[in-house]
Amino acid sequence: MTYIGAEEIVSPLGQSIRENFQSVCENRSGISLVPHAGFNQEAIHLSKITDLSSSNKFETLLIDTLSKVAKRIDPARITSKKTLVIVSSTKGGLDRNIKDPFAPSLTSLVKHFGLANEPLVVSNACISGVLAINAANNFIKAGLYDHVIVLGCDVISDFVLFGFQSLFAVSATPCTPFDLNRSGISLGEGCAAVVVSNTPEIFKNKPLGLYSGTSANDANHISGPSRTGEGLYRSVKRTLELNKMSFGEIDFISAHGTATVFNDEMEAIAFDRLNMADIPINSLKGYFGHTLGAAGVIETAISMQMMRHNMLIKSLGYSETGTSKSLNITTGNKSSELNTILKTASGFGGCNASLVFRKL
Amino acid sequence: MSFITACCHINEESCVLNGDVIAQKNTESGDSWFKQLYKGLTLEYPKFYKMDMLSQAGFIGSELIKKSNPALSTRYQDDEIGLLFANQESSADTDIRFMESYVDKKSPSPSLFVYTLPNIVLGEIAIRNKWFGENMFAVLPKFAPEFFLQYGEIMMVAGAKAVLMGWLGILEGKIEVFVFLVEENSATGMQLNRENLITCAGF
Amino acid sequence: MDTLKEDLKKHIIEQLNLEDIQVADIADDALLFSTEGIGLDSIDALELIVLLEKFYGIQVTNPEEGKEAFLTINTMADYIEKKRK
Chain W
-14 MTYIGAEEIV
-4 SPLGQSIREN
6 FQSVCENRSG
16 ISLVPHAGFN
26 QEAIHLSKIT
36 DLSSSNKFET
46 LLIDTLSKVA
56 KRIDPARITS
66 KKTLVIVSST
76 KGGLDRNIKD
86 PFAPSLTSLV
96 KHFGLANEPL
106 VVSNACISGV
116 LAINAANNFI
126 KAGLYDHVIV
136 LGCDVISDFV
146 LFGFQSLFAV
156 SATPCTPFDL
166 NRSGISLGEG
176 CAAVVVSNTP
186 EIFKNKPLGL
196 YSGTSANDAN
206 HISGPSRTGE
216 GLYRSVKRTL
226 ELNKMSFGEI
236 DFISAHGTAT
246 VFNDEMEAIA
256 FDRLNMADIP
266 INSLKGYFGH
276 TLGAAGVIET
286 AISMQMMRHN
296 MLIKSLGYSE
306 TGTSKSLNIT
316 TGNKSSELNT
326 ILKTASGFGG
336 CNASLVFRKL
Chain H
6 MSFITACCHI
16 NEESCVLNGD
26 VIAQKNTESG
36 DSWFKQLYKG
46 LTLEYPKFYK
56 MDMLSQAGFI
66 GSELIKKSNP
76 ALSTRYQDDE
86 IGLLFANQES
96 SADTDIRFME
106 SYVDKKSPSP
116 SLFVYTLPNI
126 VLGEIAIRNK
136 WFGENMFAVL
146 PKFAPEFFLQ
156 YGEIMMVAGA
166 KAVLMGWLGI
176 LEGKIEVFVF
186 LVEENSATGM
196 QLNRENLITC
206 AGF
Chain L
7 MDTLKEDLKK
17 HIIEQLNLED
27 IQVADIADDA
37 LLFSTEGIGL
47 DSIDALELIV
57 LLEKFYGIQV
67 TNPEEGKEAF
77 LTINTMADYI
87 EKKRK
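Protein sequences, first through last, are from chains W, H and L. So in the working numbering, spot 9 of the first sequence is number -6, and the numbers just go up one at a time. Position in the second sequence counted from 1, then plus 5, gives you the working numbering. Position in the third sequence counted from 1, then plus 6, gives you the working numbering.
Derived from the structure by calculation, the hints contain no laboratory data. A virtual CB, placed ideally from N, CA and C, is assigned to each residue, including glycine. Careful: at least some of the hints might be erroneous.
Label pairs and their computed distance ranges (CB to CB) [as the list claims (entries may be wrong)]:
hint: 1; chain 1: H; residue 1: T79; chain 2: L; residue 2: Q28; range: 30 to 38 angstroms
hint: 2; chain 1: L; residue 1: Q28; chain 2: W; residue 2: S93; range: 46 to 54 angstroms
hint: 3; chain 1: W; residue 1: N102; chain 2: H; residue 2: T79; range: 57 to 65 angstroms
With these hints in hand, go ahead and build the complete structure from the sequences.
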């Protein structure tokens, strides 16, 4: 086990973890109708940070979020040789330089904070965030670093929006994960951070315990979710086995839940196969939209807050069962003792990942 | 202890398997360089033609490694082979083409868009071989032997018995491909360490 | 109509990168999305929608509509004829 804490989020729902969790507790969504955003100049529902005018949003968000993290841990650790920064992102600063989407922003990040090590970029589609947190845990367990700061960040661009439109995957309404009437994603943007460490001492607030996580490929299709949920099933099964945990020990599942017809169906099948269909579950995409490479970190950070406050958060947008196997979707905020949480993610390329964290 | 048991290099002109030049680009041919290599493999896998250059590079590299180590497909369980790949330019080669599809040609191409993520190549290799193991794609400022040594070891400790690794530098005609197989407890191959990896990579 | 079908086959082969298939290999009634036929997949279907707009000026706003139209070259040609009128 390693320690995880110092969670931070900058998103349309707030400038700090406190503001973001407050918004989520009030069941407010960051998604709104943005005029002329689409390929044919049509209005599109997006979770967009409106007061960020920078021409270089990716870099600005990374620096802003890491500054906030520095206030939540011993700040000297940021520049330590034993600290690594992992950035999880799919498209980085693509708008700034399509041929080199990461290096310019990371160079600025290193310079701004005086980081001792070159940051590592994990770019594994929509599982990037969960995979990066798992990598952080692995690096520390292997003794290669003492602390790893994971920054998950993606910003909305014409590139990504037009791409999802070409797949007919963008919802005409704010996305409704797992709901009968779901019809696609709402894109979002934001940046989130967690710090993983071999010691609880660097955290200003009490950390939680992070356990080993795993990934697995569906080996089925590069853009279509598996009909059997094979990769997700295997990843969750292996994560639990690795930590000698049973299904019954999981108090809550923070699902991926993108609100496309096939993704949510795939997840329902996988959790049903895992005998986990009765465990309370939600998708946070109704609040933040799909933030791609940031999603796993944002959703882990909110789930950590749920654990700290012993509170189940409503799965926004859901009203009626819309998958062939029904899940125990959280339909309203509710107090509940949360000791062990499972976070999952699935993405293009057939990839799936899962992680588990616990109260100390 | 882990060993490098096979390696494959492809650049703009030649393809080298375990140190032997096995193919050279025929500049007279109407086929692309990667298509020439694919034909040389004599496979029935029409999906190859739909792949972008990054996926074609990883696909050819992995098929050649299998040719060199035929037991790879039978020796391990379907989740015991990890995939650990990296490059510097992510999926930029295809990103540029996708952007052209909506800027110049006025209709964003869905078949290009699905390749605008660097980890798609891992999916293609997993689909081809029915490998359900761990996947990781990283973007690094340059080829970093430490990354492969450290994360390869981590994957092995977590349960992988073999890890197919690769550096796939593909951008606007530049081809800098290095795919190699790392196995534990092998009777053959070079011990996996920094020096051997740098020698083997050649850059 | 026959020229339309031939053109359609050429466009499909080119747009979908079916490099191992010739125009003559695609029968007018071959099932485009069956592995017994041409073996196209869901992304190809979306690319066919792009193709219809690009070469024939036809906008498909609901991919479900495409499903029936894209059964075979015959159904596609019928669909184009109907929409062009």
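A quick look at each hint next to the structure:
1. H:T79 with L:Q28: 30 to 38 angstroms: holds, 36 angstroms
2. L:Q28 with W:S93: 46 to 54 angstroms: Between Q28 of chain L and S93 of chain W, where Cβ atoms are some 52 angstroms apart, the hint holds.
3. W:N102 with H:T79: 57 to 65 angstroms: violated, 40 angstroms
Violation of the numbered hints given earlier is confined to hint 3; every other hint is satisfied by the structure.
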